Amino acid sequence: MSIASVKNLTVQYGPFTALDDFSCEIPEGCTGLLGPNGAGKTTLLKTLLGFVNPKSGSATVLDRDIRTQGKQIRQLIGLMPEQDCHIPGMTAVGFVAYAGELAGMPAPQALRRAHEVLEYCGLGEARYRNVETYSTGMKQRIKLAQALVHGPKLLLLDEPTNGLDPRGREEMLTLIRSVSHGRGVNVIVSSHVLPDIERVCDRVVVVMKGKLRMAGTIRDLKAIEGQPADVELREASPEFVRYLEQEGLLVTPTRPNTYRISTDRSPEAMTQMVFRAAQATHAQVRGFQIAERTLEEIFMEAIETA
Amino acid sequence: MSTVPNGGPIADLSYRGYDGPLESPRMRWWVIARQGIQLALKRKGLWAVMIGSAWYYLVMLIVLFFVQQVLSANPMGEAPMAAFMKRLVWKDQFLHGFSYAQLPLLAVTIMLGSGAIANDNRSKALMVYLSKPADKTDYLLGKWIGIALPIWLTLLVPTVMFYGYGALTFRQYGFISDDPWLFPKLMAVLPLAALMHSSLMLGVSSLFDQGRVAGATYAGIYFLTNFFTVLMGAAWNSSRGEAPAFVKTLYYGSLDGLLIGSFKAIMGTSGTPPFGIQAPRAIAIEPPPIVLVLGIVLGLCVISLGLAWRKIRAVEVVGG
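Order-wise, the sequence lines are chains V and Z. Numbering follows the numbering used here, in which position 175 of the first sequence is assigned residue number 191; successive positions increment by one, without gaps. Numbering follows the numbering used here, in which position 59 of the second sequence is assigned residue number 62; successive positions increment by one, without gaps.
It should be emphasised that the hints constitute simulated quantities derived from the structure, not laboratory data. Keep in mind that this is a model prediction, so the values were computed, not measured. Zero decoy hints are in this set.
Straight-line alpha carbon distances no greater than 25 Å define the calculated DMTMM-like cross-link-like pairs of lysine to aspartate or glutamate that follow: (1) Lys314/Z with Asp100/V; (2) Lys139/Z with Asp100/V; (3) Lys127/Z with Glu98/V; (4) Lys225/V with Glu41/V; (5) Lys45/Z with Glu141/V; (6) Lys169/V with Glu26/Z; (7) Lys87/V with Glu26/Z; (8) Lys127/Z with Asp100/V; (9) Lys127/Z with Glu175/V.
Let the sequences and hints guide you as you build the complete structure.
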């Protein structure tokens with residue numbers, strides 16, 4: 017089942033086209049929305065929330081039409097916006113409870129749940145402090161808390177690690193991962209920080225100049241055709257290379273002591289051949305793994321084809 | 004970061020979904036209004052100004068109470084009491100109560116509404132509201148009611164108390180018979196003040212991202228227009244009623260002038276001196292045409308709310 021389905025969506029701000037005939041299906045789970053600044057990621061999120069009227073096309077979120085059921089969609093969604101936002105003059109617990117009431121929770125439930133969510137987001141000790149006195153990291157967390165308070169089915173996170181120090185970033189990613197895996201909450205993370213996406217997401221959608229460039233699971237996208245292997249030796253060994261080439265394998269050095277080995281034979285046969293070559297040439301194998309592309313390579317490839 | 008059970012009395016602090024009830028997405032405006040009122044009423048200064056705005060009614064109640072106590076014991080009988088009561092025009096007491104409440108009402112409006120949208124602009128709170136099942140209408144209506152309702156209650160409570168005291172105590176002195184429609188007229192005119200102040204304040208607040216600046220701007224508009232009308236009033240008075248007619252209409256050309264003009268026009272009075280004192284030289288300025296003054300009030304409200312409506316946007320579009 018898909019949580020969001022977008023068909024031929026075009027969104028314009030005056031003469032500027034932010035989304036251009038954009039179509040994609042976002043399945044359940046945690047999906048990363050990748051793209052450089054100005055690619056249309058935030059516009060896509062805001063369109064899914066019903067903030068922007070598309071010029072043409074259609075989209076549904078959790079089986080509800082964005083054009084006619086914006087309020088119903090927003091009741092089932094939690095948004096963590098990119099920029100700092102809070103309601104002035106309120107304590108954290110008051111703010112989060114208020115967010116819950118705005119989402120439709122009865123006041124006593126909203127207050128109880130606010131305590132619970134703040135505790136979960138690591139703000140339990142600071143819940144009675146005015147939000148305006150919070151540090152950047154705490155403000156990021158309270159944005160997540162207000163998005164989670166009403167138990168959304170879908171969480172939209174716009175640059176969730178913006179402005180966080182390494183420790184705060186690590187904690188935020190742990191939080192997101194724990195919410196999105198095994199807790200029944202689907203997550204769409206918009207970011208241009210690739211390691212963050214790789215940490216928490218199972219799938220990515222790459223957007224560029226308002227168009228869909230690539231979509232799929234990270235595992236599939238990273239896989240290289242023919243399943244080559246990367247073999248790391250203790251030190252460079254021309255004999256090892258020669259041995260494998262004589263056996264008909266394609267060997268490409270990737271680093272001074274690492275080789276990417278490709279063959280049209282089965283992975284098991286290739287593995288056996290690699291270790292036979294190491295034994296014969298007295299090369300010491302330090303690492304052996306199925307080669308895959310990095311998310312950065314995938315992203316650059318998607319952008320360069322644009 | 005509490006993502007795993009910590010072994011304490013509340014063992015499981017990991018994320019749990021919410022399966023409790025969710026109310027319909029309608030009526031979100033009331034949540035916004037209620038929150039605005041609750042936050043505002045925590046300020047003791049606001050309570051003081053709200054109570055202070057009823058000072059004319061409070062003084063009048065004391066005056067009436069003592070006059071009644073003293074004159075009812077007068078050996079000359081009912082005559083002195085009847086003479087005093089004859090000088091009092093009841094509906095004009097409400098006019099004075101309303102007029103003298105205008106300045107405190109300005110303070111109440113600023114305290115309630117100057118930051119209503121401006122502070123949200125500063126802290127980018129709009130995204131919090133609009134990402135929930137609330138739309139622009141809910142937001143604006145909620146903010147508007149959060150200002151208008153306390154202003155209306157500030158005027159309503161002392162007015163109804165004074166009316167109740169008068170109706171129960173001075174019925175034989177024409178309190179009701181002088182104008183049987185007094186109460187409905189009062190109920191019609193009081194919301195006008197709440198409507199105008201809250202709408203204008205919201206419009207001004209939406210233009211800024213600092214509540215203080217919005218409040219200062221609103222006070223500036225109030226006092227500048229008031230200064231103008233004071234000049235017009237002085238011109239009319241010094242001419243002993245011989246100045247051109249438009250001068251007396253311009254006397255109502257301020258924020259409180261519009262409200263006082265509306266009050267006079269709806270109640271059908273030009274006003275008499277306060278506390279029933281005799282001032283033969285006082286010149287009462289006639290009310291402006293009701294259609295004109297109500298049209299201006301409603302027009303200003305529509306313009307202000309329209310301005311706020313245009314300023315409230317979930318998506319910031321930067322023009323090229």
